[in-house]
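**Q** Chain by chain, the residues run as shown.
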Amino acid sequence: MNYTQKKMLLLVGLLAAVSMLSTLPLFALTAEEVIERLEANQVHETARSEGRMIITDRFGEKVTTFKSWAEGDEKSLIEFTSRQERGQKILRREDEIYLYFPDAAEVIRLQGAALRDSVLGSDMSYEDMTGGKGLLESYNAEMLGKETVDGEECYKIELHAKGRGVPYPKEIMWVDTEMFVNRKVHMFSLSDKLLKEMRMEDYTTQKGKTFPVRFIIEDKMKSNSSTEFVIESIEIGIDIPSSLFSLEELTW
Amino acid sequence: MKLGKIAWRNIRRNTRRSILSMSAVGIAAMTFVFMFSMIEGMKQDVAYNLHTFVTGEVRIQHGEFEKYKHLNPLHLGIERYTELTERLDSMEEVDMISPRIKFPTAIYKEGSTYNAQGQGVDFEREAEYQALEQYIVKGDMPRNGENEVLVADGLAKEMNLNLGDNFTLLTQTRGRGMNAITFKITGLTHYDFDGLNSSFFQAPLDRVQYFLRMDESVSEILIKLNSNYSAETFASRLDTTLTEWNRPELIARMWKDISQTYSFVVMADAIYFIIALMFFLLGSTVIINTMMMTIYERRKEIGTISAMGMTGPEVVRLFFLEAFYIAAIGSCAGVLIGIGITYPTTIYGLNFGAAMEGVDMEISQSLKPVLNLKSTVFVFLYSTFIASIASFIPSRKSAKVKPVEALRAI
Amino acid sequence: MKFIVNLAFKNLFRHKRRTLITSIAIAVGLALFILIDSMLVGIEEDSTRNLVLYETGSARIMDTQFWEEHQNLPLSHSIENPQPLLQNLDAAGIKAAPRTVFSGELIMKKDPYPEDGSIQARITAVDPVRDPEVFRIAESVSKGRFLKEDRLEVVLGAWLAEDIGAEVGYPLTIVTRTKGGFFQTIDVDIVGLANTPNPVVNRTGIFMPLETADYYLQMEGSVTQIDTNLPYQGKINEQTDKIRSTALKNRPELIVVDWKTLGKDFVALAATKSASSKVILFLVFIIAAVGISNTMLMSVYERVREIGMLRALGMRRHEIRLAFLIEAGGIGLIGASAGVLIGALLNIPLVNTGIDYSALMRDADMGYRITGIMRGLWSVRTILTAFFTGVFLSVLTAFIPTRKALRMHITDALRFQ
Chain A
1272 MNYTQKKMLL LVGLLAAVSM LSTLPLFALT AEEVIERLEA NQVHETARSE GRMIITDRFG
1332 EKVTTFKSWA EGDEKSLIEF TSRQERGQKI LRREDEIYLY FPDAAEVIRL QGAALRDSVL
1392 GSDMSYEDMT GGKGLLESYN AEMLGKETVD GEECYKIELH AKGRGVPYPK EIMWVDTEMF
1452 VNRKVHMFSL SDKLLKEMRM EDYTTQKGKT FPVRFIIEDK MKSNSSTEFV IESIEIGIDI
1512 PSSLFSLEEL TW
Chain B
234 MKLGKIAWRN IRRNTRRSIL SMSAVGIAAM TFVFMFSMIE GMKQDVAYNL HTFVTGEVRI
294 QHGEFEKYKH LNPLHLGIER YTELTERLDS MEEVDMISPR IKFPTAIYKE GSTYNAQGQG
354 VDFEREAEYQ ALEQYIVKGD MPRNGENEVL VADGLAKEMN LNLGDNFTLL TQTRGRGMNA
414 ITFKITGLTH YDFDGLNSSF FQAPLDRVQY FLRMDESVSE ILIKLNSNYS AETFASRLDT
474 TLTEWNRPEL IARMWKDISQ TYSFVVMADA IYFIIALMFF LLGSTVIINT MMMTIYERRK
534 EIGTISAMGM TGPEVVRLFF LEAFYIAAIG SCAGVLIGIG ITYPTTIYGL NFGAAMEGVD
594 MEISQSLKPV LNLKSTVFVF LYSTFIASIA SFIPSRKSAK VKPVEALRAI
Chain C
83 MKFIVNLAFK NLFRHKRRTL ITSIAIAVGL ALFILIDSML VGIEEDSTRN LVLYETGSAR
143 IMDTQFWEEH QNLPLSHSIE NPQPLLQNLD AAGIKAAPRT VFSGELIMKK DPYPEDGSIQ
203 ARITAVDPVR DPEVFRIAES VSKGRFLKED RLEVVLGAWL AEDIGAEVGY PLTIVTRTKG
263 GFFQTIDVDI VGLANTPNPV VNRTGIFMPL ETADYYLQME GSVTQIDTNL PYQGKINEQT
323 DKIRSTALKN RPELIVVDWK TLGKDFVALA ATKSASSKVI LFLVFIIAAV GISNTMLMSV
383 YERVREIGML RALGMRRHEI RLAFLIEAGG IGLIGASAGV LIGALLNIPL VNTGIDYSAL
443 MRDADMGYRI TGIMRGLWSV RTILTAFFTG VFLSVLTAFI PTRKALRMHI TDALRFQ
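Residue numbers (the numbering used here), protein chains in the order written: chain A, 1272 to 1523; chain B, 234 to 643; chain C, 83 to 499.
Warning: the hint list may mix true and false statements.
Dumping the calculated EDC-like pairs for lysine to aspartate or glutamate here, alpha-carbon to alpha-carbon at most 16 Å [what the hints assert, rightly or not]:
no. : chain 1 : residue 1 : chain 2 : residue 2
1   : B       : 300       : C       : 244
2   : A       : 1491      : C       : 384
3   : B       : 300       : C       : 198
4   : A       : 1491      : C       : 187
5   : B       : 300       : C       : 197
6   : A       : 1338      : A       : 1321
7   : A       : 1493      : C       : 151
8   : B       : 533       : C       : 269
9   : B       : 302       : C       : 388
10  : B       : 300       : C       : 245
11  : B       : 533       : C       : 388
12  : B       : 342       : C       : 151
13  : B       : 335       : B       : 465
14  : A       : 1493      : C       : 198
15  : A       : 1491      : C       : 269
16  : B       : 417       : A       : 1374
17  : C       : 98        : B       : 530
18  : A       : 1493      : C       : 244
19  : A       : 1464      : C       : 244
20  : B       : 417       : A       : 1321
21  : A       : 1464      : C       : 269
22  : B       : 342       : A       : 1377
These aren't lab readings, by the way, just hints derived from the structure by calculation.
Okay, chain A solo, but in the shape it has when bound (with noise of 0.2 Å):
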């Protein structure tokens, strides 16, 4: 090869590593991708919990407090302290719920149809809490660009559910693109009327996580209708014995 040749190739060479350079930040993340950084952020081997629920609905507020604890994202235990509900307890396991009140004698299994009342009145349901599959399992995901959400710019992702077996066949979720935070979600109805919007509004960072403690989920349908949970302190990866999630812990 003579100098001029050598030349043309280093150049070309360059052209093509400068331009590779440059279209580097088009191939940035795919809506997959965001969603799996987002679900590593919220999953936690274990994690333990103080916090508080406040739900408003036509007949006014209510306030509830609980202690939690959770193990993966397949078994947690909440515990009531306020005042009208102290003792009662919920387990949940993979996908089933038990119910533990103080002046029972029995536990009561929730199963079917009872999966979907709501949990003391409130915009979450217990269906809402089972399910420990990741979205990806049960959604497709479809990037649709960039939005700002409370001066915060997140990726918009819009999810559609893939077979039965989720409640909601379309979400729309908009993920921090620093932080891999949700900010904000909505869910719809199969006629595509939106039904809940969910709101995160503070954030907390422990062990290179970073989860809300604070959030809100409005039932659109309804005026005057929402639910706020305010986790007060949390810790995660902590030591937690399993045997807090059985049946006869839950008793005790």
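With chain A fixed as given, assemble chains B and C onto it according to the hints.
**A** For chains B and C alone, coordinates are given in the frame of chain A:
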């Protein structure tokens, strides 16, 4: 000539005829007595059941409760209810009071849930208010303060439970939260209406208040009044009095003003009315027919006395009097016999048993007729009236016939 | 013999008035007996009818699993591919209508409703063409109109509409779940209000077209139930057996449940079931019998002298007795025929239109307008019983005084008053 005396003599002269006429009137009157007593009994039965199980004669409730009743708004209750019951107890019109909390619930038993209607009552008061004795078929009344419950036997059967068994129920509490509690069955009741019998149970008021987080409130107070007081006047008076007692949020309503239940009463009334009307028609027809026949039978007689000088109007009056006496005696006898037959049933009742299966309309299966003014005095007056008038037209017609022709009739 | 019959006949027409009055007594008594019986039985049937014609049908075909969990209305256990079933039922002459019943929440918004609100509800999706063959909801529409297939519309029970402040033309949103579990919303318009004799339907009834529900709930042609209408005559068990053998031959997963079992869950209906109807009929019978016998007795006693005369003329006792009994029988026949005819004629409107007693009831204060129609019921047995009893009773009550007259001395008879 006193027509009255002649009339009497005529009656006694022809015993057979008189007895036939009297018996027609009498039997019709007798059946009327029984019929109307039965109807009155049914009406009172419906009223009693409504008063005891649903609305009382007068009901006190939160003004907004009815509007949201499908949500069972326990928070729209009567706060500090004992203040009210104390005052009500001292009122002379008030006979019995029943403070209650009604709550729909799901009974959880080995994986199945049964929908049921629960009611929290003060058993010390209820023993009298509901006359519980007559409904309890097994076991005893629960004691206030204990987790004990009285279950309708239809419901118990459906859940496969018996005396001494426990069951757990799950309900929405006052704050729209949830709670569950376990009760023990100490007694079984039996109600004659299926709808109630297969879903109803009662628990002590204080335990229900605890479990539903009601504090000192109840959802309604039912009142039964002493016999001489009108529910209507008492209810409207109480309504204003409640505001005076600093409870403007509460209202008092009489049972007939509480929509759904009263519609049944009104429907029943209408149906009874139509049946009674047809009955009357038939009975009256029989009476009229008999009287008419009597007159026609005696055309020759009429001819004779006309020929002897009695004027037309006098003839009519004579026969009218005869008819009147026969009617009076016949219906009097009929009513008395009717009372005689009806009276024992007012005590022992009529047992309909199997015929009533599957009906749920607040009518018990054993019906007690009620003798009243309408079924006795009114029947007497009506029968007499109809029978007397029934003689009018034929006797007028006959009086117009020429004596000659009348005499010719055989 | 011919002479006697002739005599009886002539006597009938000789004393027209007597014959007439007596026959009228018999006729009126029997006619009213027939009508009251028809009405009472009709009332008794009414609570059954109200349940069967507006809520349960005579019998219902469902998936066995659906029936076991019917409180929850699990759409996942519906009847797949109902078409062949319907065809079989049609072929067997059984009227059947497919329905899908599902639970949901009705959402009302402030404008045009008085305020925002929501209520839990049960919605019944019906086939607008087949449903009226089994149920009477369509003919009870008091405002607006009934449903047309495939439209986004509903018909509400009249009292429900009043409760939520709805009028014809108002919108509603139904929030529910599809067969597969997805949340679904259906925006509909109210096109009609139904005011039926059944308070449950009035208070809680919401109806929509079947095709619409099929699409929005992703039912894929399946329905939750097929309701049938069977004639009342014949035992219910026989009839459900018939359904089982015709329609359900190759469908082991389905069951038939009759209305009595279905009805247990529901509060059975208003109107009055007068169990006392037997007592009432008995009383009616007594009065009618008294009417007939009384009149008959009187008319025979009236003719004791005539009997005496006949005897004096040489007629033998048994001939006289026969003549009089035949005459009585004749009167009985005339009266009974007239009675049965009048009763039947009046029964036709009673059965078909009924008596509208809603006018008799105060309604304004109650808020809910109540429709009350009392309908009669045909009973061939009653009509035949009435007829034969009428004739028999006439003859029987003529027998006694006749016998008495025949026993007397002729001279006493001739002088009889």
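**Q** Now tell me if each hint is right for this structure.
**A** Checked hints:
Proximity of residue 300/B to residue 244/C is assessed by CA-CA distance (about 12 Å); at most 16 Å being required, the pair is judged to hold. At roughly 90 Å between alpha-carbon atoms, residue 1491/A and residue 384/C are farther apart than 16 Å, so this suggested pair is violated. Using a Cα cut-off of 16 Å, the hinted pair residue 300/B and residue 198/C holds, with the two alpha carbons roughly 13 Å apart. Between the alpha carbons of residue 1491/A and residue 187/C the distance comes to roughly 13 Å, so the proposed pair stays at or under 16 Å and holds.
Restraint check: the Cα-Cα separation between residue 300/B and residue 197/C comes to about 12 Å, which is no more than 16 Å; the hinted pair holds. This hinted pair checks out: residue 1338/A and residue 1321/A have alpha carbons roughly 4 Å apart, not beyond 16 Å. Proposed proximity of residue 1493/A and residue 151/C is contradicted: the alpha carbons are some 29 Å apart, above 16 Å. Between residue 533/B and residue 269/C the alpha-carbon distance is near 85 Å, which puts this suggested pair outside the 16 Å criterion.
For the suggested pair residue 302/B and residue 388/C, the alpha carbons sit about 78 Å apart, so the restraint of at most 16 Å is broken. With a C-alpha separation of about 8 Å, the suggested pairing of residue 300/B with residue 245/C holds against the 16 Å cut-off. Among the hinted pairs, residue 533/B with residue 388/C is consistent with the structure: their alpha-carbon atoms are about 15 Å apart, no more than 16 Å. A C-alpha spacing of about 15 Å is found between residue 342/B and residue 151/C, which places the hinted pair at or below 16 Å, so the restraint holds.
A threshold of 16 Å between alpha carbons decides the hint, and for residue 335/B with residue 465/B the separation of about 24 Å lies outside it, so the pair is violated. For the hint pairing residue 1493/A with residue 198/C, the CA-to-CA distance comes to about 7 Å; that is within 16 Å, so the pair holds. Between residue 1491/A and residue 269/C the CA atoms are separated by roughly 15 Å; this keeps the pair inside 16 Å, and the hint holds. About 12 Å separates the Cα atoms of residue 417/B and residue 1374/A, which keeps this hinted pair within 16 Å; it holds.
Restraint check for residue 98/C and residue 530/B: satisfied, since their Cα atoms lie roughly 13 Å apart, inside the 16 Å limit. Using a Cα cut-off of 16 Å, the hinted pair residue 1493/A and residue 244/C is violated, with the two alpha carbons roughly 20 Å apart. Restraint check: the Cα-Cα separation between residue 1464/A and residue 244/C comes to about 27 Å, which exceeds 16 Å; the hinted pair is violated. Between residue 417/B and residue 1321/A the alpha-carbon distance is near 36 Å, which puts this suggested pair outside the 16 Å criterion.
For the suggested pair residue 1464/A and residue 269/C, the alpha carbons sit about 10 Å apart, so the restraint of at most 16 Å is met. Using a Cα cut-off of 16 Å, the hinted pair residue 342/B and residue 1377/A holds, with the two alpha carbons roughly 9 Å apart.
Figure legend: structure checked against the earlier numbered hints; hints not met, in rising order: 2, 7, 8, 9, 13, 18, 19, 20.
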